Each structure stands twice: as structure tokens, then as C-alpha cells.
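Undergrad: Take the sequences, apply the hints, and build the full model.
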Amino acid sequence: MRKLIFAIAFLIVLGSCNSSSDLVSSETKAVQFQLIDSLVVESLFELYLVGKNEQTGQYLFKDKNVKEILLTDAKGGILAQPKLKGVDPDQVAIPWEIGFAGNEIAVKEFSAESKVHFFDLSFKKLRVSDPIAGGLNTFEIAPTRNGVSFLKIDEKSLLIGSDPNAVNPELMAKNQQNSGLYEKSTSGFIVDVNSGKVVKLNLYPDSWQPRREGKWVGPAYPFIAVGSKSKIIAVLPRIGDQLFFYQLVNNELVPKGETLINHPKRKRGLVFNPEDEPLLYPNFFDLKAGGNLFLIHFYTEVPRDLYLPMKAQGIDNAKNPEHVELLRRTRRSKYILSDDKGNQTPIEDLPIEGQIHYMDANDVIYIKPESKEEKDYNVFYRYRVKM
Numbered sequence: 001m002r003k004l005i006f007a008i009a010f011l012i013v014l015g016s017c018n019s020s021s022d023l024v025s026s027e028t029k030a031v032q033f034q035l036i037d038s039l040v041v042e043s044l045f046e047l048y049l050v051g052k053n054e055q056t057g058q059y060l061f062k063d064k065n066v067k068e069i070l071l072t073d074a075k076g077g078i079l080a081q082p083k084l085k086g087v088d089p090d091q092v093a094i095p096w097e098i099g100f101a102g103n104e105i106a107v108k109e110f111s112a113e114s115k116v117h118f119f120d121l122s123f124k125k126l127r128v129s130d131p132i133a134g135g136l137n138t139f140e141i142a143p144t145r146n147g148v149s150f151l152k153i154d155e156k157s158l159l160i161g162s163d164p165n166a167v168n169p170e171l172m173a174k175n176q177q178n179s180g181l182y183e184k185s186t187s188g189f190i191v192d193v194n195s196g197k198v199v200k201l202n203l204y205p206d207s208w209q210p211r212r213e214g215k216w217v218g219p220a221y222p223f224i225a226v227g228s229k230s231k232i233i234a235v236l237p238r239i240g241d242q243l244f245f246y247q248l249v250n251n252e253l254v255p256k257g258e259t260l261i262n263h264p265k266r267k268r269g270l271v272f273n274p275e276d277e278p279l280l281y282p283n284f285f286d287l288k289a290g291g292n293l294f295l296i297h298f299y300t301e302v303p304r305d306l307y308l309p310m311k312a313q314g315i316d317n318a319k320n321p322e323h324v325e326l327l328r329r330t331r332r333s334k335y336i337l338s339d340d341k342g343n344q345t346p347i348e349d350l351p352i353e354g355q356i357h358y359m360d361a362n363d364v365i366y367i368k369p370e371s372k373e374e375k376d377y378n379v380f381y382r383y384r385v386k387m
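According to our numbering, the sequence shown is numbered sequentially starting from 1.
Errors might be hidden in some of the hints.
[Claimed, not checked] In silico BS3-like pairs for lysine-lysine, Cα to Cα no more than 30 Å straight-line:
hint, residue 1, residue 2
1, K152, K215
2, K265, K64
3, K64, K75
4, K229, K311
5, K124, K197
6, K386, K267
7, K311, K341
8, K200, K267
9, K319, K256
10, K29, K341
11, K64, K29
12, K256, K334
13, K75, K124
14, K375, K75
15, K156, K341
16, K229, K115
17, K197, K115
18, K319, K267
19, K341, K319
20, K256, K156
21, K215, K64
22, K256, K229
The hints are simulated quantities; they were obtained by calculation from the structure and are not laboratory data. Every value quoted in this text rests on a predicted model; they were computed, and no experiment measured them.
TA: The structure is reproduced here in C-alpha cells:
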């Protein structure tokens, strides 16, 4: 029986490159934040921004459990509030990820098959994709992450994404993990929007250090994101220090280069022990794409010399004030910007305290400020970012 893992998902550069082995240092520049305005949605639900239709200016929002879904206009006015969860013809049993696919809306279900349901802007179902997954092995809750990007290339409308459950279930067996996962995994996928046909992809690059050295560092499922203007595809394994770039040719990823990632608050070259506590490693949490820029998100590691004594005393739990304070001080959310050639720059601090929910085709980020007060609206500040 396959194990179901419940996980709450938690540049200074060495930069531009023309091949997978060329890494050229570049100067570090501060990120420029230009405040544009704010987007306000009047809703009692805690909303997460998950999509923007660049042609109409419409936005898609969801709540944490994807029970509430909103379609708004460019100013945040609610246009539709569909009841997508259910078994009727225009519903999805358990909707999980949602986004625009051109002028359609794609809803990826949470199931052992992970099919994608396509709707028009009135939320009438148009078609359903072939299965992406072959079983349910991993479950992650990460509301600000969207694992699917839309790409129009050669007159084809495609969804490109990643899903740990798309891996062949046989590769998840313990006796297969060390020898076969990186070489045989197909956690990436392409969905033809018009036909629903699915093509699987191996997202572990040949030159990713653990694969190249034959070293097991756990599943380290890679993220994938597509620059909507550049058409460049970036792949980011969760463990290591490498970011990879590709172009899509005949449903295959053709390497365009790679770069080493660095940030003043992230120790590069740390050895990852898959048997260790995840908190002790600065793992990558997300990869977002704008038009030409990519946004890398990671969490700083908790120092071993502080955490292990606490664990030995049995106080490493969410209800212990010492544990909570240690995480607050040391495990911090950080970001890095990269262009589609691998030039990077670190983001030391956001212009306002909060989380980045989305990045649109104009390289505008949407920051939702943190607040412990109950509100009757949701506000997202829009900043254009430049390296």
C-alpha cells in the first residue's frame, strides 16, 4: 500500500549562461519596486490570488480549501462566485488548483487521477483532460503556489505543470527511490487545452548535482514555470542550488542553460540529509513566472545547534512558545528574482510585510499584507519589479 504523505508546504548571482555548463558571474543589483496601486476584493473569505487573464484584466481568487472561488474584474469587483465543488455536470468533485488557460478557466481536481476540467468564463464545463496522475502519494497545502502555467506556442494552447502524484507509483516504493526516481520520474506534464491529451515529462535535469552524482536527497520534486512573454521554461528542484532553463520543442524540454542560485540569507552548498528534519535545510518553496522574470521563493534553515537541543527536550511542537519563537526568528520567507538568462538579484525585504501571491505578464507582483485582524475585504498591493 502506497504511503500517503501529508505535508504542509511550507541573486548576488552566479548567473547568465548559454549552455548547461557555462556559469558566468554577474554583478548584484538591488531590486526596484514601483508601487502601481492596490486591488481590493470585498469578501469575508481569506482569499488567495491565483490567476489573471491578461486580455480582459479579470482575476481568479480562491480560499485556502478551494471551497470559495471568485472571478473579478480588473478592479476587484466580483463577476462570478461559482459553486464548483460537487458532482453536477458543471462541477468538480474536489477542485484543487485553478487558473486561466487563455480565455478558458482550468480547474485541476484533487484525486488519484488529477484530471483538469476546462470551463468557459461563465463556468460552463467544456471538456476534461486525460488523467495526469496514477495514484495519490503526496498531499501538499500551499495556497500561494500554483503548479500550472499556460503557454501558447506554435498555435497550440498548452498547460505545463508539475504534480508529485504524476510519478509512476512503482517508483515511490522504498527500494526504487535511490536508484530509479530521478532517471525515470515523470512529475511534469503538458496538457493540450483543446484536446485534453497529456504528455509526461521528467523534470530532474541530467546536470542537477544529486542526479549527476547518483546521490539520494529525497524526492525533491521540481517546480516548473513558464515566462509568458519569453516562452522560456524554468525548472527548480527543491533541493540544491541550481535553476534550469528550457524551451519547449515538439513537447520536449530542450536545455537553454542553468545558473547557480545564491542569496545572502541562504547558505549555498549545504548537504541535505533526507533523514534529517526538513526545517534544517533552506529548501525551495515555490517558483513563479512573469513575462520575462522568475521569482524563486525559499525559507531559511533553522540552525541545528538551536533546534536539536530543543528537540531532545521534547519541546519542538507548535504549542510550545520556545519552539514558535525559534521558528519566528530563524525560518524566514525570502525571494530571489531571475531573468530568463539566469541573471539574478536577491530580495532582502519586500516593500511591505506580507506574502507574494502572484506575478503577472508585466512582471508585476501582488503582495497581500499580513494582518491578524479580521477584515471584511482582501487587499493586494501591486508592484512592478525590475532588476
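Undergrad: Each hint: holds or not?
TA: Outcome of the hint check:
1. K152 - K215: violated, 36 Å
2. K265 - K64: Holds: K265 and K64 sit about 29 Å apart, inside 30 Å.
3. K64 - K75: Between K64 and K75 the Cα gap is close to 22 Å, so the pair holds against 30 Å.
4. K229 - K311: violated, 47 Å
5. K124 - K197: Distance ~20 Å between K124 and K197 Cα, so the pair holds.
6. K386 - K267: holds, 25 Å
7. K311 - K341: Distance ~42 Å between K311 and K341 Cα, so the pair is violated.
8. K200 - K267: violated, 33 Å
9. K319 - K256: violated, 47 Å
10. K29 - K341: Given pair K29, K341 holds - Cα atoms ~15 Å apart, limit 30 Å.
11. K64 - K29: violated, 35 Å
12. K256 - K334: holds, 26 Å
13. K75 - K124: Measuring from Cα to Cα gives roughly 24 Å; hence the hint holds.
14. K375 - K75: holds, 18 Å
15. K156 - K341: Satisfied, since the Cα-Cα distance of roughly 24 Å is no more than 30 Å.
16. K229 - K115: This hinted pair holds, its Cα atoms lying about 27 Å apart.
17. K197 - K115: holds, 10 Å
18. K319 - K267: At roughly 29 Å apart (the allowed maximum being 30 Å), K267 and K319 satisfy the hint.
19. K341 - K319: Outside the cut-off at roughly 44 Å; violated.
20. K256 - K156: The given pair, whose Cα atoms are some 21 Å apart, holds under the 30 Å limit.
21. K215 - K64: violated, 35 Å
22. K256 - K229: This hinted pair holds, its Cα atoms lying about 16 Å apart.
Checked against the numbered hints above, the structure violates hints 1, 4, 7, 8, 9, 11, 19, 21; every other hint is satisfied.
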